[in-house]
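Visitor: So the protein lines, in turn, are chains P and F. Numbering follows the numbering used here, in which position 111 of the first sequence is assigned residue number 111; successive positions increment by one, without gaps. Numbering follows the numbering used here, in which position 87 of the second sequence is assigned residue number 87; successive positions increment by one, without gaps.
Don't read these hints as lab results, they were simulated from the structure. Everything numeric in this text was worked out from a predicted model, so none of it was measured. Watch out, some of these pointers could steer you wrong.
[Unchecked claim] Cut-off 25 Å, straight-line C-alpha distance, at most; resulting in silico cross-link-like pairs (SDA-like, lysine to any residue): (1) P:K64 - F:S2; (2) P:K159 - F:D34; (3) P:K52 - F:A197.
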Amino acid sequence: MEFFKKTLDPVIALTIIALLDIFLFLVVGAWTVGGGETMMTGLIAKFFMGDKLHQIPFWDIVFKPDATYWKIYISLGMLFGSIVGAFLSKEFYWRVPRHLSEWIMITVGGLLMGIGIRLAFVCNVSTFFGLTPEMNLGGYLSISGIIAGAWVGSLIYKKVLGG
Amino acid sequence: MSPIGQCLAAFLFGSVAGLLVQRSRFCNTAALRDAMLFKTYRNTKALLVCMMILTIGFTAFITVGEGHTMHFDVGVNQMLGLFLFGIGMVLAGACTVSTWVKAGEGNVGAIWALLFTFIGMFLFSLLWSHSYWPPAPGSMDHLPHLEALQFGYANAATLQAKTGIPAIFFGLFQALVLFGIYRAILRKEARIAQEHAETAAQQATTEASMDSGIA
Numbered sequence: 001m002e003f004f005k006k007t008l009d010p011v012i013a014l015t016i017i018a019l020l021d022i023f024l025f026l027v028v029g030a031w032t033v034g035g036g037e038t039m040m041t042g043l044i045a046k047f048f049m050g051d052k053l054h055q056i057p058f059w060d061i062v063f064k065p066d067a068t069y070w071k072i073y074i075s076l077g078m079l080f081g082s083i084v085g086a087f088l089s090k091e092f093y094w095r096v097p098r099h100l101s102e103w104i105m106i107t108v109g110g111l112l113m114g115i116g117i118r119l120a121f122v123c124n125v126s127t128f129f130g131l132t133p134e135m136n137l138g139g140y141l142s143i144s145g146i147i148a149g150a151w152v153g154s155l156i157y158k159k160v161l162g163g
Numbered sequence: 001m002s003p004i005g006q007c008l009a010a011f012l013f014g015s016v017a018g019l020l021v022q023r024s025r026f027c028n029t030a031a032l033r034d035a036m037l038f039k040t041y042r043n044t045k046a047l048l049v050c051m052m053i054l055t056i057g058f059t060a061f062i063t064v065g066e067g068h069t070m071h072f073d074v075g076v077n078q079m080l081g082l083f084l085f086g087i088g089m090v091l092a093g094a095c096t097v098s099t100w101v102k103a104g105e106g107n108v109g110a111i112w113a114l115l116f117t118f119i120g121m122f123l124f125s126l127l128w129s130h131s132y133w134p135p136a137p138g139s140m141d142h143l144p145h146l147e148a149l150q151f152g153y154a155n156a157a158t159l160q161a162k163t164g165i166p167a168i169f170f171g172l173f174q175a176l177v178l179f180g181i182y183r184a185i186l187r188k189e190a191r192i193a194q195e196h197a198e199t200a201a202q203q204a205t206t207e208a209s210m211d212s213g214i215a
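One chain only, chain P, in its complex shape (with noise of 0.2 Å):
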């Protein structure tokens, strides 16, 4: 199928999963991936911590954790997604980090994305593909942090690169 073999243009894709993501809007809610993040922490930590994890109030008063909360399943929609679609295009393969800067650089990144989305209640998918179209003031404000973090990193990124 020619689907798998060529790179499908970004755009065809974005103008497809928009008109989704509006269907989305109507049904449950627009696209967002950090709040079934989170609420995947919530469900791994009480895996490990059992009730012990009610002992920290965000728990209980922000997210309760419940495996029935929709965001979730986008997330793990787009793994199968992804997935599905790396095998039938022969795609799928492991790919490791070689070198020790990259995975520091992941690291930090990794733990800078999950403090940003709970000190913002929004990630990057909300902010663009939520927020912003929703005309939510929140969204302006996310677009300017967003943009002025990307021009941050790009520095380190630079740099790092260039060391």
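Got chain P sorted already, so can you dock chain F onto it with the hints?
Guide: Okay, now just chain F, sitting in the frame of chain P:
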């Protein structure tokens, strides 16, 4: 809709989005990073087109009172949080979407980034349990609380309610602004392509004159 129905709709949406992102190699991080670092706009253009469609679609439905908008108060924490997130996504080389999609392609770095995103979230939950800032959604009243650096709740629906002007008009204006940025990128790409063509032509002329000199 029942919680199972919601989860199913979310899974279906996620599966198609994951497949399309995998096949198109779209990346939100690249949309910002590549525009800033390399002056290439493949992903930026797709992001803008998507935002234009969404703005018109969402505000059209908001006009008639349909759709589930994101309902919480906003403040300085959105700017700070996404600032940290922006640094993080460039360092990790992936955003929330591409970590899942790259994980599905067997990228161990993306799985590692996901793991540390979860750890980051857990660390923040500990911090929040001391600071109680930003305010929990349950305590939000949609009003500005400047002492807590909170500005309240405002979107296309509140604009419509306050001004009496249908939300779609504001949406069309925003889509027009996004289209203006898209057009500016197209013009910039054309300029870069022209510069490249001129440099190549200049090089060809220099080489030709050198060849004739040797001959």
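Visitor: Now tell me, hint by hint, if it's right for this structure.
Guide: Structure-based check of each hint:
1. P:K64 - F:S2: 19 Å, holds
2. P:K159 - F:D34: Holds, because 15 Å separates the two Cα atoms, which is no more than 25 Å.
3. P:K52 - F:A197: Roughly 66 Å between the alpha carbons, so the hint for K52 (chain P) and A197 (chain F) is violated.
The earlier numbered hint that this structure contradicts is number 3, and it is the only one.
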